[in-house]
Every structure is written in C-alpha cells, then in structure tokens.
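Using the hints, position chain B against chain A.
There are 2 protein chains.
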Amino acid sequence: MTKSRIEPGGTIGILGGGQLGRMLAMAAAKFGYRCHIFCPDERSPAFHVADRVTVAEYTNEEALLAFARSVDVATYEFENIPAETAKLVASETYLRPGVRALEVTQDRLHEKDFLNKSGVHTAPYKAFQTAEEFEAAFAVIGRPAVAKTRRFGYDGKGQYMVKSRRDAEAVLAVTKGAPAILEGFVKFDREISVIVARSPSGDVAAFPVSENIHTNHILDTTTIPADISDTIEAKAKVLATRAANALEYVGVMAVEMFVNDGSGDIVVNEIAPRVHNSGHWTIEGAATSQFEQHIRAICDLPLGETNALGKIVMKNLLGKDILGAEKYLEDPKAHYHHYGKQDPREGRKMGHVTWVNTEE
Amino acid sequence: MTKSRIEPGGTIGILGGGQLGRMLAMAAAKFGYRCHIFCPDERSPAFHVADRVTVAEYTNEEALLAFARSVDVATYEFENIPAETAKLVASETYLRPGVRALEVTQDRLHEKDFLNKSGVHTAPYKAFQTAEEFEAAFAVIGRPAVAKTRRFGYDGKGQYMVKSRRDAEAVLAVTKGAPAILEGFVKFDREISVIVARSPSGDVAAFPVSENIHTNHILDTTTIPADISDTIEAKAKVLATRAANALEYVGVMAVEMFVNDGSGDIVVNEIAPRVHNSGHWTIEGAATSQFEQHIRAICDLPLGETNALGKIVMKNLLGKDILGAEKYLEDPKAHYHHYGKQDPREGRKMGHVTWVNTEE
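Taken in order, these protein sequences are the chains called A and B.
Residue numbering for the first sequence follows the numbering used here, starting at 1 and increasing by one per position.
Residue numbering for the second sequence follows the numbering used here, starting at 1 and increasing by one per position.
This is chain A alone, in the form it adopts within the complex:
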C-alpha cells in the first residue's frame, strides 16, 4: 500500500449491495474500474452490475479478508456496517472513508459531540438510557423534543416525538432500553443538505445546496437551488467542509441541516458518511455525479466540477410508484431510474426521477 492512487482499470470493493452500491458501481465502470460487492443479501440490486460478488454476513471474517485482498480500495454504501468489519477490511486494503468516519457517525451521541467540538452546531441534546435518565434529560431539553436511539436509526426508525416527561414508558418501548439521546426541537423553515467530497490530499468540493422535503421521515423530493440566500448557501458549505476536514474524511458525505430563514441560523441534523439520496440529482443535474465524485475521491483522482446544470428536481419513487414509468419516459426533461428491485413493497425506495430544466 505505497501508492494512494488507484488507476482506472483497478478493482474497487463495496460493502453493501443496495441502490447506492449499484449507482457507485455504475459510476466506477465509466472509468474502467471493476467492482467487487460484498452483501449478505443474495438479491442485492448492486450485484446486477458488479464484476464479482460475495454473499456473506458482515461478521464472516474469512469472507471479509478474501474480499479485502481482492480489491485495490474498499468503500461502503451505508454507515451501519459493524466497526469490527471495517477494521478488518482496513487491515488489508485502503478503506475510504475510514474507520473513524464510521465510528463517529454510527453513534448519534458521538456524532453530535464531535460536530459541536469542531465548530458545527447541532440542536441541543442529552444522552439517556433508563427512565430516570430520560426524565433528567427532559428536564434540561424541555419540549418539544425527539427521542432517538444512538445507533442503527434510519428513515425515522427508532425515534419518538416526546411531549411530556410522562412519555418515559412510551419512549423506552421504542428505544428498547438501548442508549439514546433526547434532542431538542429547533424551529426551522426548511431542510437542506450539502453533498461534499474530500480527497486523500485534503481537496474539498461541495455540490450546490439542495432543499429536501421528507414525507413520513422518508425523502420525497430534492430541489436545486435551495430557496435560501447566498449567505446561507455559503455558510452551509462552510459547515459541511468543516465537518469533512475535522473527520479527515475521504470520499463523498452528506450533511443534513435545518435552516431558520429569519435568524439565518443553521443547525446540523446529521451526517451520512456515504453518497446520499439527496445527491441523486447530480447524476444528470451536475457536471459530475456524486457517485463519480466518490469514486474519484477514494481512488485519489482529481475531484470533478460540482456546478448544477440548471434548476433540478429529484423525486423518489417508493413502492408501486415505480410502475408508472411511461409518463416519465415520455417527458423530455425527466430522467427515470429503476433500481432493479423486484418487490415494490410499500415505502421501499424503488427508483427516482430527475428533471433537469436547463432553460429556466
């Protein structure tokens, strides 16, 4: 492991076989990289576009070592792979982003502590685990507040909206006694995210800020440009860059933020140490896609341009929404994406559509 650059034509390992891994593999293929994808689920959509696959659990050390030895660099498409898995892979090959980014972002408490120490503000929060600790936290944070498990939450899972200190029982039914945090509710007008890339040598490039609308805790639409001032846009990019530098991050990460239009305040909600749903618009809507940018960063190639090519809207297709392809395929400004998943169960991310309005 003397040279940091992985030349085009090399092999990239991806932990995780969902749509993010799939789109990473497709971007890698543009540069001639072969992808080896490791995922426990044999029906992983990323397998359809991979050169090589390993179907094994993330705890299978033998399979992980063989995987790590077969690639020139490894990355991951989701932040909930066990830290031990990451460490094992990192012992045999480059793991980008590294173990630290995973450890920090896998735990909401560590993440918030880290961000605030790095000068990136979050909503107020306090850790708890037991009913007594919850009540003590509630006394500090007040209401409204959200209880969240520290680990393994996504799309609103493991969360509970707290209204009273008497909610302790209901909260613990959701957290199941696992370490959790109580987070103060901040008043905000809009949710935004910044997709930022950082190279091994410390070059940083942020995409234009996107504005996100969630429905039932799942991303519904992303719009670019966000309806924010230039000052807020610049400030959001500074915060994302600060977080990436503080983590000595390598690759693409997403920073979700809340914006208060009146005060101009921005608080960071959370970091995803990976390509992100709110960056899918970049495939057709930016000079470089977030997937290509991640490949460039982890292979130590020059980062690409990040400018948007117009006004962009990205909409997720959940469950049976995927079946109505016709109207998108007939729309000259629409780019339809289908992730190749067979079962369109309710709420499942099956695909997305991006509209690029270059004339507006």
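Wrong hints could be hidden among the right ones.
Since copy identity is lost for identical chains, a pair holds within one copy or between any two.
[Said to hold, decoys possible] List of simulated lysine-lysine pairs, DSS-like, C-alpha gap at most 30 Å:
1. K327 to K237
2. K87 to K176
3. K327 to K117
4. K311 to K235
5. K311 to K333
6. K320 to K333
7. K237 to K333
These aren't lab readings, by the way, just hints derived from the structure by calculation.
Only chain B this time, still in chain A's reference frame:
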C-alpha cells in the same frame, strides 16, 4: 411472446461483450434491466457490468438456446455474428434488431443493392470474385476505386485501394478469393454519420448529425454539430430514416455518409445495425444517450429526446492513449471513459473522452 414491451426490471440479452455491449448494459441498468451477455471471450469488458454471462462460441446451439430462453429480448453489439446464430436466438425470444437487418448489412453487396433500391444512394460498385471478374469490374468502375470483401470487414480490414487493372493479383491477395466488390471513389469534403432509432411501432428519432475524422481507417474524433448546411443536415436525417424504415428496423443504427459541400450530394458509405462509435458523444452530450435510446427501442418504451446539449467533441483513446487520464480528469468540460480492457495494444479502442461546451 404476446406483449412487445419489456417492462423495466426485465432481462435483456446481448450478443457480444465489447465496449458497445458494456455501455448498453450500463444504460439498461439505469432502467432496472438485468443483462445477460453472451460472448466467446472470457475477458469481455461487458462482463464487468453484467448480471449474468455465458462464455461460449456463437455456433454453440445449446448455449444459444439457453441464453435466448433466459431473456425477455435479445440484441447484439456487432453485425458479424453468424445469421444462423441470430435465427436460433430469434426462434426463442425477440431479437431486435432482427435477422433481416443483419443479413442485409453483413454483406456489402446486399447492403448497397438494398439501399439503392430504397432510394438511398451509394457510390457506384460492382461485385467480383475472380481476377477476370475484377478486371471486368474495373473496366466499369474506373479509378480510383477500393476493393472490399463483401463480408467481415471493419476498420479498413479486407480493403485495397486500386490504382490499375494490373492490381488484380494484389487485390486477390487481400480478398483471398472471397466474394468482394469494387467501389468507385466519390469526391467528398467530409464524412458524417446519423445515429437513428426506430421503435417496433415505427417511431423514428435521429440524433444531430456528427462529423467524423478517421485516421488509419479508425475513428479519431466526432464533432457536433457537423460543419454542414441545414439543408444537408435535414437531407442526411431523411436518408437515415428512409434506410431504417426500409429495413423495418428496431433499435439504434448508424448510417455513415460522404458529403460533397459544393454539389450538396450525399452518398451513403455503410450502415452499422447497432450503436456506433460516432454516437458515444450522446452519453453526456445529448438529452438521451444512443445506448439508452437503443434500450428504449428494443424494449418498446417511448423513444427519448435527441437534441445535443451544446457543441461536442468526442475523441477515441487508442492503445496507450488511455494511460493519460489525469489531464482529462482535471478538465472540467471533459468526460473520460475507460472500457476496462487490460491490454492497451496499439490501435485498440481503450476508451474515449467527450467535451461538452454548453456555453458556446
């Protein structure tokens, strides 16, 4: 085989595993299609992005039948697969484009006869096989002229520039006694090509005309728009559309033409019943890529928009040209493509670069 449409998520078979099959598979994946690629060469670059591969000869009937039965529609990335292979596949699944397109375009004599009968003019030509027939053909065609084998020629292989009737011996050394044609040389100022798509229901969409520069019979650069008048641009598209309709073609095909600026004459040089090197610019330079358009056509989805997004230049990277990636990756207007081939031998198509100048 009652429904003509293959819905997103279905399976597409591709005969041939080169860079064209690779880019077809990547386009198919955007719509959730799985690709099964059939190719005798186990090092095929298209295999890197395929869901399933079959390594077998094109004469292996058992393998071909199994392949055909495993897919919802089959297509091919090159025109020299045996007609018997195509017929066998077509007996079990949709083959698009069909057997007729292959039969016509595999043989230069049939192709030229067909085109001229369809109102699409070519240079003058005459068939020959023996030395006597060559001399008789030369007496009609005159000089300069080019002798070409009727079948299996590409990138200038199987061709001989004729200067005299006494060249008979040299010509037969190249044609090796195989059926051939002697083609008259037409005076032209530029080479252009039209990439045109036709759907099963007869919808036709042509991309903007591209201007091509060949070096040593291999495409070097493609530029859009071509330096031709609107009248010539329109006429070229009419000719390509006429050829596609006459063939009852389904899919994307390329029509190469010679243009005489002074007279405004266009003659068709040849047809490629497949996606084409002179259409690679469409990946980033057009609203829909030729690869996505081919997938749309063979799956009977609506054809996509074909407008160019600016002034475009595509350059092939041959042999060791592929190794200088850095300068392309640093150029904000350049899109670098590497086909994943390991051996950069001289003249081999290893990748390409497309520059999209949206501001000019």
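TODO: Pop the pair K320 and K333 into one bin, within, between, both or neither, using alpha-carbon distances up to 30 Å.
DONE: within (22 Å within a copy, 38 Å between copies)
Open item on the list: My question is about K327 and K117: at a cut-off of 30 Å on alpha-carbon distance, are they close within one copy, between copies, both, or neither?
Closed with: Neither. Shortest intra-copy (48 Å) and inter-copy (39 Å) distances fail the 30 Å Cα cut-off.
Open item on the list: Checking an output row: K311 and K333, CA cutoff 30 Å. Within, between, both or neither?
Closed with: Classified as both: same-chain Cα gap 11 Å, cross-chain 19 Å, threshold 30 Å.
Task: Alpha-carbon proximity between K87 and K176, which holds within one copy, between copies, both or neither at 30 Å - done: within (28 Å within a copy, 63 Å between copies)
- [ ] Up to 30 Å between alpha-carbons, please classify K327 paired with K237: within, between, both or neither.
- [x] So K327 and K237 pass the 30 Å test across copies only (27 Å; inside, 35 Å).
- [ ] Using 30 Å as the alpha carbon limit, work out where K311 and K235 are close: within a copy, between copies, both or neither.
- [x] For K311 and K235, only the intra-copy Cα distance (21 Å) is at most 30 Å; the inter-copy one is 35 Å.
TODO: If the cutoff is 30 Å on CA atoms, where do K237 and K333 land: within, between, both or neither? Let me know, please.
DONE: For K237 and K333, the Cα distance is within 30 Å both inside one copy (28 Å) and across copies (23 Å).
Checked against the numbered hints above, the structure breaks only hint 3 and satisfies the rest.
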